[in-house]
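Participant: One line per chain: the protein sequences are Z and A, in this order.
Just so you know, we're using the numbering used here here: the first sequence kicks off at 1 and counts up by one.
Just so you know, we're using the numbering used here here: the second sequence kicks off at 1 and counts up by one.
Incorrect hints may appear among the rest.
[As the list claims (entries may be wrong)] Listing some non-contacts, in silico: residues in chain A with all C-beta distances to chain Z over 12 Å:
id, residue
1, Ser149
2, Leu151
3, Arg154
4, Ser169
5, Pro171
6, Val175
7, Ala177
8, Arg178
9, Thr212
10, Asp412
[Unchecked claim] Residues from chain Z shown here face chain A by an in silico Cβ test under 7 Å; the list is partial:
id, residue
11, His254
12, Phe265
13, Phe281
14, Asp282
15, Glu283
16, Leu284
17, Asp285
Read the hints as simulated data drawn from the structure, not as lab findings.
Please read all numbers here as calculations on a predicted model, not as lab measurements.
Idealized CB from N, CA, C, for every residue including glycine.
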Amino acid sequence: MPTLTYRDALNQALREEMQRDTNVFLMGEEVGVYQGAYKVSRGLLEEFGPMRVVDTPITELGFAGVGVGAAMVGLRPVVEFMTWNFALLAIDQLVNSAAKMRYMSGGQVGVPAVFRGPGGSALQLGAQHSQAFESWYAHIPGLKVVMPATPADAKGLLKSAIRDDNPVIFIEGEMLYNVKGEVPEGEHVVPLGRADLKRSGGDVTIICHSKTVAVALKAAEQLAAEGVEADVLDLRTIRPLDTEAVLASVSRTHRCVVAEEGWPFAGVGAQVVDIIQREAFDELDAPILRVTAADVPMPYNKQLERAAKVDPAKVIAAVNSVLYRSGQ
Amino acid sequence: MSTKVVMEALSPTMEEGRLVEWKKSEGEAVAVGDVLAEVETDKAVMELVARAGGTLLKQVVPAGATVPVSELVALIGEPGEPTENGGAPAQEQATQPAPDRNRPVSMPPAPPEDAANEAPGPVQMPGPGVESAAPAPASASPGGRIKASPLARRIAAERGVELASISGSGPEGRVVARDVEGAATAGPAAAPPPAPRAPARAPISRAEGPFTDVPLSQIRKTIAKRLTQSIGPIPTFYLTTEIDMERAWDAREALKALGEGPKISFNDIILKAVAAALRQHPACNAWWQDDHIRYWNEIHVSMAVAIEEGLITPVIRHTDVKTLREISTESKDLAARARDRRLKPEEYTGGTFSVSNLGMLDIDEFTAVINPPEAGILAVGRIVERPVAHEGQIALRRRMRLTMSCDHRVIDGATGAEFLKTFKAMLENPLVMVW
């Protein structure tokens, strides 16, 4: 199986889907001539031409609206936002048009569009460019929210997202584009709404997604050295959420930590905790703990930024706490 | 500092109690465990016991007064101590938790909080080699609530372990799963003390534990939901049959002719047959528990007894392993004490199936109301000679009609009918009971 970067796995998914279906097209800032701010669209303009790889002006609300309209008349647009921080300008199109069109037209008009781009914080990009918005979009009925953590999932989930008949918010990890991993060739499709057990333990469940998957795996590795085996459950799709996988793991381990890159208040983890307490109350041997970013705008200062982010040490501390175990 | 004596919840449903009679007068010395007063609850007359020693300083309420649970009734302290508000703050005497309707009655009641309030000590699991590992009891909050994780509670309930007897190793003494698992395997040191009024003979246990909890299947959930919508909240249906009592009559006459032991009543025979038939049809020996069904491995038959103010259902524990003679003696004793309102809560709770008999009042047949969470009750009519077809001829035979009320969420028509068929076969040929 070939080893690809996360960015090339996304590129492969786009290329294969554009070859497979001529209704699929890509648009966004710098996706054509510049081949993408993060080079996800490398070689696509050359292969598919300017009708299907469209450079847009710096007008997020405008081109998101064009994407919604194109989807309404039967095309399958993939709209790239340079980052999800910039997509704040387009949120009216996503929330009020894309998410509601099928409902408000009585099922007559769907919006089979994918809105994609990097989310979360990178390194020292400051408060306005270091934000995780998945809980915002997951809050909206009518939107699916997908967040791959590995190159193979990036390819398989993007293919599913493009084929889905509903609007999909596809949030990539800015720090994940260079991550390498084995990616199956050709028809590799990962269904939406299915979580993935990235590591199987049995003492505790660590629920995570996107960048926190790597953090959780690192924490699990260190915990294993201390004799604690963790289930690391990658949600992959935030909405629809794989309730079954969450409950199956927690029912096995009876203890749970939920990690996410976003802020604590009303975050994705809050929803996960709600499901567990409701559906698996009698399985719990300890309160569920969440590990999130600090509840502040992301500091620019390097040390403060590090302190504000989720890291393996914080996950380990939470695991120790739910295991009623003093830290090593 | 004086100790406040409050009205205790002496029965599971008690909200207030009538102080029938003071057993200690003001100024009299009181030791821990002394009976201070007799209190009439909603079900019985019970004793209010001193949980602190000293002198009974003041009877705050007069005999005959009705007092809500946890209201002040008396003060205990040193002679001469002030008893008005100007004095030192009185300390509330710890109350014993009310018996739990859902706790299997073969277990002892939870220890009083006095014991539970002892420091839980350092966090440690009782190791296998520790002889004196009488575990520090779980920490209980002032309300008597034991801190335990949901999983620990579930495991404790499944294994019949008393949470109050377990030392919690979690934060603030929270009992967690490993503590319950440790307690369940710790052996005699952690085992609860023997139950008061234990049956004379160890009950034959044919399955692990006193009961088996079975989660509801989808079809069971649907049946429960639909039928409750129709007839609620207990969707009851009725099965009626008529039983030929000639042989049971002869058997009773023969026992009477022996002239020894208690006088066996037909009700005793019916109780015995119900227990024997339940042993063959465990599906009818069950409790509806909202999200699951508790199939009891033990058989405790409740019998409805009419008393002056209404009725009460004393329970004959382990009915199936008792002889007819034992059942007869016990039912007479329970019925007599029920009429005097001298039953303890554990003597009228925890039944798994009920029998109500109005035969002695000349009722032909009737329907009885289910006693939840039990799922079935038999309503027994009188034995009367009726002309019936018998061996090709019309003959006068002693016949008895009875009707079983079934909670359809637990018992289906065919299930109840199979039970009744066995029961009928036993009464029509009493030897089948010991088959």
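Participant: For this structure, which hints from the list above don't hold up?
Facilitator: 1, 2, 3, 4, 5, 6, 7, 8 and 12
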